[in-house]
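Residue numbers (our numbering), protein chains in the order written: chain B, 1 to 334; chain E, 1001 to 1334.
FYI, nobody ran anything at the bench for these hints, they're computed from the structure.
In this text, a Cβ means the ideal position worked out from N, Cα and C, and glycines have one as well.
Don't take every hint at face value.
[As the list claims (entries may be wrong)] So, partial list: chain B residues that the calculated Cβ filter (under 8 Å) puts toward chain E:
1. Ser65
2. Ser149
3. Arg174
4. Thr176
5. Ile180
6. Ile183
7. Ile185
8. Pro187
9. Cys194
10. Gly195
11. Ile252
12. Val259
13. His289
14. Phe292
15. Leu296
[As the list claims (entries may be wrong)] Which stretches of chain E does chain B cover? Using the computed rule of at least three CB atoms under 8 Å from a CB of chain B, they are:
16. 1166-1173
17. 1191-1200
18. 1247-1253
19. 1256-1267
20. 1283-1296
Protein chains: 2
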Amino acid sequence: MAAEELSMHLGIDIGGTKTDAVAIDQTGEVLVQFRLSTAYGASGVLSSAEEAVRGLAERLNSPISQISSIGVGVPGRVDSTTGRVVHAVNLGVEDLNLGSELSRVLEHEVHAENDVNAAALGAYHLLSARGWPETGWPASAIGDSSRHSMAYLNLGTGLAAGIVIGGALWRGSRGTAGEIGHIPIDPLGPVCSCGQSGCLEVLASGSALARQWPTEHPNPIQHLFEAAAGGDSAAMRIKSKLLESIASAVRILVLAVDVEVVVIGGGIAAAGDPLLEGVRAVLKERAQHSPFLGSLELAERVCLVPAGAPISALGAAFSGMKSTTIRGEQIRVA
Amino acid sequence: MAAEELSMHLGIDIGGTKTDAVAIDQTGEVLVQFRLSTAYGASGVLSSAEEAVRGLAERLNSPISQISSIGVGVPGRVDSTTGRVVHAVNLGVEDLNLGSELSRVLEHEVHAENDVNAAALGAYHLLSARGWPETGWPASAIGDSSRHSMAYLNLGTGLAAGIVIGGALWRGSRGTAGEIGHIPIDPLGPVCSCGQSGCLEVLASGSALARQWPTEHPNPIQHLFEAAAGGDSAAMRIKSKLLESIASAVRILVLAVDVEVVVIGGGIAAAGDPLLEGVRAVLKERAQHSPFLGSLELAERVCLVPAGAPISALGAAFSGMKSTTIRGEQIRVA
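Please work from the sequences and hints to get the whole structure.
Right under this line is the structure:
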């Protein structure tokens, strides 16, 4: 037991309002987890992350020096090599050397990762553990980890994807792979915060929903779906457009990267199965008009992130491991 | 010399009207090359490929049994594992086990590859040899082959891209990575052959040009550009829309995959520098309205394929090598 107890990997996900903290062992089993509020601004983010790490170590009855690895997921543009974070607007952070600052106060190496990338790694791990959706593709091909590929489509305040190929994050040449939220798909669409028009993000994100369906309801997407089910014509129109735009995001990920599976998560995914079924219906309807699209079996390749799982914090923990074998699959963090 | 003479890698590119044949050594140097007409239909394609291989062997004064590897690039959907080719419409081929049929008649292993993927590998090699374009990204990052990534954007009759990451083709989970030609970017755009509307292919390919600017000129894109330069308003409008759509294809590749460099080739690339400068101008103009796009430096990351190089045949030769070191860079063919 002693040797196993030494393998403790901490993952921290710093969100706009709350911070998730988990500790996993080398097999990915969750040892402890808890949640705290995120304090605002650079010093707030640093103290929240420090508090999360110290809280986990305390619950593990371990000094921080005995922790195997620490990974932190954070929104914004993150240089995973240096640990520098810029433009984390929700956190009130313009420029912060999160990795090195946190390493200094904790006296432990810290790996920083963009939160959507971390969530992608977490979702990949969870699906590897719990079973991938049954797609039309032969299991033998899927089982080949060099071909096993997934995109995590995050429908949060913004829209972005994280790409995992053969167990490793594909961050791209400059760390911006999966930034499909700013691909315009309608020249006549609304103006996006990025300055372009008709971007996916302005059509299929939490902010897009808030603009079109303002509500005080704690679960706005559920509220929209209920209103649509009740026959509200505006809600039906907004819901329909939202589902079409999410389906377009799935289409872009499969056509450009040809990931086998697209996993949808983020606040919009809180609508649950009705959302998934709605997106699948759009994909199936489009396939009927295009044999080419039909041959891609898009509807079979989309699924929701397992409900309630702290995938970003889990993924942050995985991202902190340099290289390790999880349930027989090599998880490399390039 | 004897040992070196044994390393002869043949690459065949089977196009709709002509077949390119090259032989390279293990460093990628071209030993011999020639061109022949492509015969129509499955048996025609087979005999053309066989003739190309035998012609190369003859010029190399080598029996086929002494050839190190044979790779064949061919349009259509190609299973690079089995060598099966389906839907190669231009060649009159509906379904052909090209790899195994050719292996049988030549008594030599043959690797089959989609022609755009082969061209991507060829372009990657040529740029590695001749120098990558100067992008805004630090040379040290580019020099790291694990991050070195490129998309080859083929503007031929159709529109598709081949993706090379760290020297290896990324074919995707089902071999359809880079099929961005069928991403719709304008709901009001023309109907595409795939059944959707407003696809990139129907806006920015050779067939899109032929539909909008029918001409008997041997170089239709040059003809269009000359007419636009001469003040023809229809030509100016068509040219402008074409450049915008190509720029949109570049944007999709960088946002989704974050390849460092997008290399444009295919018949439309015959317009040369005016095309490249036109695409860059669109990308720069868009960057002025979007700080986010500006930060991606898209204009600096796009270039044309080196003129006159038989990149598809070269790439086919590389794809036939299982694993080899080219000019110090590991070229893996997964």
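To see whether the hints hold, each was checked on the structure:
{"no.": "1", "hint": "Ser65", "verdict": "violated (31 Å)"}
{"no.": "2", "hint": "Ser149", "verdict": "holds (5 Å)"}
{"no.": "3", "hint": "Arg174", "verdict": "holds (6 Å)"}
{"no.": "4", "hint": "Thr176", "verdict": "holds (5 Å)"}
{"no.": "5", "hint": "Ile180", "verdict": "holds (5 Å)"}
{"no.": "6", "hint": "Ile183", "verdict": "holds (5 Å)"}
{"no.": "7", "hint": "Ile185", "verdict": "holds (6 Å)"}
{"no.": "8", "hint": "Pro187", "verdict": "holds (6 Å)"}
{"no.": "9", "hint": "Cys194", "verdict": "holds (4 Å)"}
{"no.": "10", "hint": "Gly195", "verdict": "holds (3 Å)"}
{"no.": "11", "hint": "Ile252", "verdict": "holds (6 Å)"}
{"no.": "12", "hint": "Val259", "verdict": "holds (6 Å)"}
{"no.": "13", "hint": "His289", "verdict": "holds (5 Å)"}
{"no.": "14", "hint": "Phe292", "verdict": "holds (4 Å)"}
{"no.": "15", "hint": "Leu296", "verdict": "holds (7 Å)"}
{"no.": "16", "hint": "1166-1173", "verdict": "holds (count 4)"}
{"no.": "17", "hint": "1191-1200", "verdict": "holds (count 3)"}
{"no.": "18", "hint": "1247-1253", "verdict": "holds (count 4)"}
{"no.": "19", "hint": "1256-1267", "verdict": "holds (count 5)"}
{"no.": "20", "hint": "1283-1296", "verdict": "holds (count 7)"}
The structure does not agree with numbered hint 1 stated previously, though it agrees with all others.
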